[in-house]
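Chains V and D, in that order, give the protein sequences.
Letter by letter, the first sequence follows residues 1 to 525 of the numbering used here.
Letter by letter, the second sequence follows residues 1 to 332 of the numbering used here.
If you are wondering where the hints come from, they were derived from the structure by calculation, not from laboratory data.
Here the structure is a predicted model, which means the values were calculated and not measured.
We treat Cβ as the ideally placed atom computed from N, Cα and C, and that holds for glycine.
Careful, some of the hints might be misleading.
Among chain V residues calculated to face chain D with C-beta under 8 Å, some are [unchecked claim]: (1) P113; (2) D217; (3) G471; (4) L480; (5) S485.
Listed here are the chains, written in short residue letters.
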Amino acid sequence: MIRASSATVHFPGTRMVMGAVCVLAAWQGLAAATTGALLVAGPLEVINHIAENAGLYARAVGVTLSSAAWGFLLGNLAAVVLAALAILRPRAQGVISGLALLTFCLPLVATGPILRVVFGPGEGPQITLAALAVYYTTYISVLVGLRAVPATWLDLVTSYGRGRGTALWRVQAYAALPYLVSGLQIAAPAAILGALVGEFTGAERGLGVLTLQAMRDLDVTATWAIASLAAVLSIMLHAGIGWIANRVLNEEPPLILAPPVARGKPNYSRSGAATGALTALIALSLWWGIAEISQLSSFFFKRPDDVWVFLVSSDTAAQNRAELTASGLETARALLPGYFAGLGAGAGLAILLTLVPGLSSVAMPIAIALRAAPIVTTAPLLVLVVGRGAVGSAVLVAVMVFFPVLIACLHGLSRAPGQVLDVMDSYAAGRWRTLIYARLPAMLPAFFGAARMTVPAAVLAVTVVEWLATGRGLGALMALSASLSNYGMLWSVTLVVAVSAVAGYAAVARLERAVLSVFASEQVQ
Amino acid sequence: MTQSFSVSRRRFLGATLAGAGAAALLPSAKLYAQTSIRMQLSWLHSVQFAGSYIAQDDGFWSDQGLDVALDAGGPNAPVEPPVVAGTALVGISAADYTAAAVENGAPFKILAVAMQKNPFVITSLPENPVNEPGDLEGKRIGMALANAPVLEALATLNDFDASAVEVVPTQYSAAPLLAGEVDCLLSWETDLPVAMAVQGVESQTMLMADFGYAVHSQTYIATEAAIAERRNEIVALLRGEAQGWDLYRADTAAAARRTVDRFPDQGLDLAVQELQAERQVPLMFSELTDAHGFGWFTDETVASNIETLALLGRKITPELWDRSILEEVHGA
Chain V
1 MIRASSATVH
11 FPGTRMVMGA
21 VCVLAAWQGL
31 AAATTGALLV
41 AGPLEVINHI
51 AENAGLYARA
61 VGVTLSSAAW
71 GFLLGNLAAV
81 VLAALAILRP
91 RAQGVISGLA
101 LLTFCLPLVA
111 TGPILRVVFG
121 PGEGPQITLA
131 ALAVYYTTYI
141 SVLVGLRAVP
151 ATWLDLVTSY
161 GRGRGTALWR
171 VQAYAALPYL
181 VSGLQIAAPA
191 AILGALVGEF
201 TGAERGLGVL
211 TLQAMRDLDV
221 TATWAIASLA
231 AVLSIMLHAG
241 IGWIANRVLN
251 EEPPLILAPP
261 VARGKPNYSR
271 SGAATGALTA
281 LIALSLWWGI
291 AEISQLSSFF
301 FKRPDDVWVF
311 LVSSDTAAQN
321 RAELTASGLE
331 TARALLPGYF
341 AGLGAGAGLA
351 ILLTLVPGLS
361 SVAMPIAIAL
371 RAAPIVTTAP
381 LLVLVVGRGA
391 VGSAVLVAVM
401 VFFPVLIACL
411 HGLSRAPGQV
421 LDVMDSYAAG
431 RWRTLIYARL
441 PAMLPAFFGA
451 ARMTVPAAVL
461 AVTVVEWLAT
471 GRGLGALMAL
481 SASLSNYGML
491 WSVTLVVAVS
501 AVAGYAAVAR
511 LERAVLSVFA
521 SEQVQ
Chain D
1 MTQSFSVSRR
11 RFLGATLAGA
21 GAAALLPSAK
31 LYAQTSIRMQ
41 LSWLHSVQFA
51 GSYIAQDDGF
61 WSDQGLDVAL
71 DAGGPNAPVE
81 PPVVAGTALV
91 GISAADYTAA
101 AVENGAPFKI
111 LAVAMQKNPF
121 VITSLPENPV
131 NEPGDLEGKR
141 IGMALANAPV
151 LEALATLNDF
161 DASAVEVVPT
171 QYSAAPLLAG
181 EVDCLLSWET
191 DLPVAMAVQG
201 VESQTMLMAD
211 FGYAVHSQTY
221 IATEAAIAER
231 RNEIVALLRG
241 EAQGWDLYRA
251 DTAAAARRTV
261 DRFPDQGLDL
271 AVQELQAERQ
281 VPLMFSELTD
291 AHGFGWFTDE
301 TVASNIETLA
311 LLGRKITPEL
321 WDRSILEEVH
331 GA
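Start from the sequences and build out the full structure, keeping to the hints where you can.
As structure tokens, then:
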């Protein structure tokens, strides 16, 4: 049925190696050209530096990997349990998904210090942030996988008089395995990023600690060495999980970036608005409940009513809102252009690579390296290279968005139905017409799925770069509020960021439904 | 982690042996009378806190029955919440941050001042130097926008026109200065200029404290409740600090070496730590501390702090400071 074009999705190995060599050579050239500016360290220096300090880096990698691994384990476990719950209780699915998304959209810059206070010294925040960074993508993957079962199989289970639990365990769990694997592949680099950010909250050791020290000491070689190490680790974990999956599973992991936009909708009878309201209510109750049960001081752990007072009913509320709005607009000015540029670049490159497959050997290594290097290590470097202000932040957002969109679009483009391509072929339609009439419509569902899922990633990117590099917008406001003990502001920003990210996600989903009902009506029920 | 583990083990051993009537075998009765407390540092482990490491390693705290764990800070680790929450008995803050926290409802007192002079400097390159505040007019300064009030305070204190200085928002890095994007940077005396010097770049620093910018830094804070209820422990903690820092001052190179050896996983550079240790001394020790002891402050220094903090938009009273603990420490 599907005529996968091997040229776009499977890259020839030798070319890939040559591409990587070209990239390394260009990197070394850039380092040589900027000697003395304390900006770029070339790959040779980096390798040399790591070799000279092998013990130090091995220990740091061990510490960070251990936090990341615990977070990876706990986060993915939570994701699987949540997905199973959502399948067993279809009516609750909308609310579970909504809460999961909202939690995923909480900005790391704000959750870090709060987790540190809650956990005290130790690895609590690192592990929790790693778990928070992974669970949502796995949840989505497993949910799609659990649903990817022919209805007749479930009917068979029912006709034997068995219930939902049996169906879930005996049938759906097996169907979901490949989907779980693809979720785990995305999760591995995310767990490392979460652990690194956790280490910024007062850890004693790890790659995050070394990053901070290197930046403070203007040690450019060490900064690049850590970014490279983290990138290589991420790539290896991603590939390693794929390799294990290949040996264990018969089929290749599917590519999941988002659930089909409206699948499962018939499962719950509530309207979207009612689900949204219920989700918000539960979220508020949870927030209140956690605050009351844990008895955390309201000096830094603000309750919903504190935020209400801060933003609405206090004397300085108008001033607080104005400050928040000004920073929010500043963030939006970096976020939106970056987001759309990332979408455009991802889709554009995917189309280009479909038309000129030979380019992929150079383009893919750059794309993978850019994406795999954790943003906390690359943000300051990128800003040094591309400049401060809105442009620097926008570029970083674009980088975060670009790669998932590229991969999704490549996949979508390759999934144009074989018969359609055959018809185009037999009429000698040519590459362009085939692209426009057959491949692009096939790409749209994947493109929109990626566009939705990258909304939280883009928000994460812009707040991190504002915090660590440009010192503007909501990211900087969160950091400043924490250092000045203005926790009313910190919680308000957190709330605004999380709700905006969810709203952005919902807006893309709406657009998606409208577009797909025209171009791919089979995707919308 | 390891610290508290070994303490509980020691305690356990002590209790068991004592219970078996073998207390006489213990080398010292102090061992099982140790009280565990935590101090929250304001940054990652480095020579910035070397006096505390010396106090810990040389037993200045354990001799007084105190087992102190030093919790590292970081860019995303505010000091005030763990002190409010009671996780840490004492935290290392600065007068401006403490004042902000008190405005937001934290019941803090400043007990001692490690950095008598605020470490803020204007860092420039020798060929285009900023030697005094007036030189800033017409220059481009790189700093976080959040620090704009600091520049304005300096302008008010020294009668120059802050609007004649072009503020370029930068991250905390020397790169914009080296690239010529700015003429000077707002930094600490003890970090960017030190790193630049070790990288072979000479720089000029103008210490803002020498031009009226009086904000106590690296201050020891505790809550009013802790001061009332755990006074003896706080006195013992600060006594150990004072002993540790006096030893630090006597040989900063040794302190730097000890710091690097103590934290092999921090990626500390010995040359950077040595220079930083040296440059910290004039900020931490003065005629005032020579006369009265480490961490000292007077009504006059508090008054000038209040004046500068008012320029930064903080309204505070002398009640924010409490010298009674320090008086006990130094036997005044």
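To see whether the hints hold, each was checked on the structure:
| no. | hint | in the structure |
| --- | --- | --- |
| 1 | P113 | 5 Å, holds |
| 2 | D217 | 5 Å, holds |
| 3 | G471 | 4 Å, holds |
| 4 | L480 | 5 Å, holds |
| 5 | S485 | 4 Å, holds |
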